[in-house]
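**Student:** Take each chain as given, in its own frame, and dock them per the hints.
Note that the protein sequences, when read in sequence, are chains A and B.
In terms of the numbering used here, the numbers along the first sequence are unbroken and rise by one, the last being 157.
In terms of the numbering used here, the numbers along the second sequence are unbroken and rise by one, the last being 514.
The hints are simulated quantities; they were obtained by calculation from the structure and are not laboratory data.
Careful: at least some of the hints might be erroneous.
[Said to hold, decoys possible] In silico BS3-like pairs for lysine-lysine, Cα to Cα no more than 27 Å straight-line:
id, chain 1, residue 1, chain 2, residue 2
1, A, Lys136, A, Lys74
2, A, Lys11, B, Lys480
3, A, Lys83, A, Lys69
4, A, Lys47, B, Lys480
5, A, Lys11, A, Lys83
6, A, Lys11, A, Lys99
Since this is a predicted model, take the numbers as computed values, not measurements.
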Amino acid sequence: MSFLNNIATKSPWLFRINAGSCNGCDVELATTAFIPRFDVERLGCKYCGSPRHADIVLITGPLTLKIKDQVLKVWNEIPEPKVTVAVGICPISGGVFKGGHSIEGPIDRYLPVDVNVPGCPPRPQAIMEGILLAKEIWLKRIEEAERKGVRHVQIS
Amino acid sequence: MQDTYSYIMLIGAALFNLLIFPGGLFALGLGVLFKGLDRKIEARLQRRVGPPVIQPIIDIIKLSGKEAMIPETAQRPLFQSAPLIGFIGMAVCAALLPIPGVSGGLPYMGDMLVYFYLLQLPAVALMIAGSSSSSPFGTLGFSREMTLMFAYEIPLLMIILAVAMKVGGSNFAEFSLMNIISYQEEHGQFITNWVMIPAFLAYLFFLPGTMGVPPFDIPEAETEIVEGPLLEYSGASLALFQLTSAIKNIVVLGFGVVIFFPMTLGGNIAVNILWFAFKCFVLMLISCTFIKSATGRFRIEQAFGFYLKIPAVLALISLVLVWFNF
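Isolated chain B (complex conformation) (with noise of 0.2 Å):
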């Protein structure tokens, strides 16, 4: 009867964390908050008004009510499936992710590793979209994406590693959240430590790199091969896509707090919530809309050297560096 008890209380817990908090409703709901005040703050940028704050709730919902399109030469249960697997490979994402002084995430060993497997699956989610499309500009997303998911990889797994051997010490890497915010109570926030600097300016290049933002938008470039994946797409479809980048900003910004300044402002729940969703706001400013508003679109060459020739130098410094105990 107790077993039966704790069951349900665990069911009950694991969806909690999978509806409201803190995937669901909490990480959709700032996704797309997110996402209207970062259009809003580009065009204030460029010196335009901007849509309203609330533009991208409104996107959605008018797609969700439009006439869905499905080409005749199109692989029908891919193409239907595509935008589910990215929007539920995100939706456990943002369930297991850690907020310090809320929620502690997956209490199990290896959740940063899960992590750095999930992130990858709405990149596979296009590319599923791309191929299975018939058309293309879809197959030209496709083989973008992919060469853009290989280079953006490298550097976050070694940012990732440098992290695990830090916390864990020099032959012992620890890849459990848990321990890593732990940790750096302790020992003070990976931030102020000279060693990890490299890793987190390396995290801030890969951020525009999987958000899709410009420079690094080459497999969704409007004015090339019109949106490539996502040309086919209408509707409840598409609105899905959205939704889908809208979790994925918020997983991997959030990622990013997680494994570089936790540090929490006391025991106030509310407090706590509103801080991590401010310095996941700092963060996006600083990665995806101030570059975002200033730059034009790299060739996927040029993405690719880029990515490993700034990026993955940085992560490999922090991780020589921890290697060597720093």
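Bound-form chain A, shown alone (with noise of 0.2 Å):
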């Protein structure tokens, strides 16, 4: 079956969640990564519009206030196994952000992080390696589900 799991990660679907983020790291996330310089596809990588698609979290932004509740709602829709990646330097210590009345995280309070990429924004080369890295994680849930025998429906 590692064989067939291995076949499975070439394929990660990835979702964008803005946690109050200014912009910038979307922005970087959306064309430049896709751009034909770098272009993710050829990883296999695909944007989806619907949370209950992903594979992989993009999460962005410091986690204001007024979002955290939406940002745990959209998370949990999120079928298993998935693997969280904390793009740009807000989500992992509140950046510029940092200290000011609205500001919840860092995110790691509330999710599991597995993979960060700093920077502000980061570069295109820094998101896919962690893409990369998120992937290697991403295979490692996958065999440890199957250990377990999880393989379930879920009702939410």
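**Tutor:** Structure, rendered in structure tokens:
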């Protein structure tokens, strides 16, 4: 089965969550990572609109008070096994917004973050490296889930 | 005894058609390969590297291993059976597909009409999926899918009528695909006949609408209504929807090849299969890949107006010309 798992990790579908970001990292994710020079699609990636289709979650922004509940709700909608990547300095430490009255972050107080991609905004190469690291963690998660025999239909 | 034997042979042949060729494995394999080629060519046209050609297969393997989620408020029986409805409809469609010079399809009179009805099943499945998932985006997708279906059905019906009347003569319509193929072998292909060229152009416009690719991917618009009816699906059900659309591509492309340019290359079966696949591929390149990589997305009322203004009028021109025996 590890052969099939290896194949499966060649198709990571990405989902972006904006947790109060200034949009800089989102522009990096949406455009530069997809321009001809870098092209994350050659890794088999695809940005999907629905959290239910996603495998790797890319979170940007410092997690503001207002969006916290929605972010947690959407994150819970993503089926297991999933990997969380924090993109930009904001979800890691709060960045320039650190100490602001409306900032609930850093994000790993609420979510298990697997990969950090620091930068303001991070370079496209760094984002792609983050996705590659997330792919390795994802493979481990799949194998772990298989050992435990978790394969269930969840109603949410 | 003789009777039982012939029945077993009939059932065996039907199963072979349904599971291996031309339905089942053949249609699935070709459909998935075409999807991969389509993504690769689109990426190359945009000067990207693009995913590997087998990417759709990888996606399907991955999806079938993922956790399946069902929304609490969804209509569970409908929600879970919707992908099956579309898939079964398309599997039957692919099994009935006549491949010129290889297999004959149904030996009965009206298989083109059967085709016309079965072709709507994936759209119906998407509508059921959208309305039973209890998501507002799904409902929006449902209404858009229905509007779009009404729009592209009108030109399709007129194309079918034009072809049937051309083959049957002015006051008699011939709906058998086998007879349509043999008529074209005698009188020349319809694509070389000036009377049928407007109908062929209309079919080219019909293809992107039914395949759900830009500029007509309105029901599943990712950036507006987050994939609409497919929003709540995950895991194996989503993989089934992808397989359905892969077979559907082969079915609509093959149908176009059969009614407009079914000419064979000699009597060799393998050569004819490859030639058929090549013609389907060229049809896909022209009507889907090139347009898809260069356009945005219509609004639903623009698409509706477009289908009534251009493809329907083109198909009508052919129909009228055929009616007056040109």
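**Student:** Decide, hint by hint, whether the structure agrees.
**Tutor:** Hints, verified against the model:
{"no.": "1", "hint": "Lys136(A) x Lys74(A)", "verdict": "holds, 23 Å"}
{"no.": "2", "hint": "Lys11(A) x Lys480(B)", "verdict": "holds, 25 Å"}
{"no.": "3", "hint": "Lys83(A) x Lys69(A)", "verdict": "holds, 19 Å"}
{"no.": "4", "hint": "Lys47(A) x Lys480(B)", "verdict": "holds, 17 Å"}
{"no.": "5", "hint": "Lys11(A) x Lys83(A)", "verdict": "holds, 14 Å"}
{"no.": "6", "hint": "Lys11(A) x Lys99(A)", "verdict": "violated, 36 Å"}
The structure shown violates just one earlier hint, number 6.
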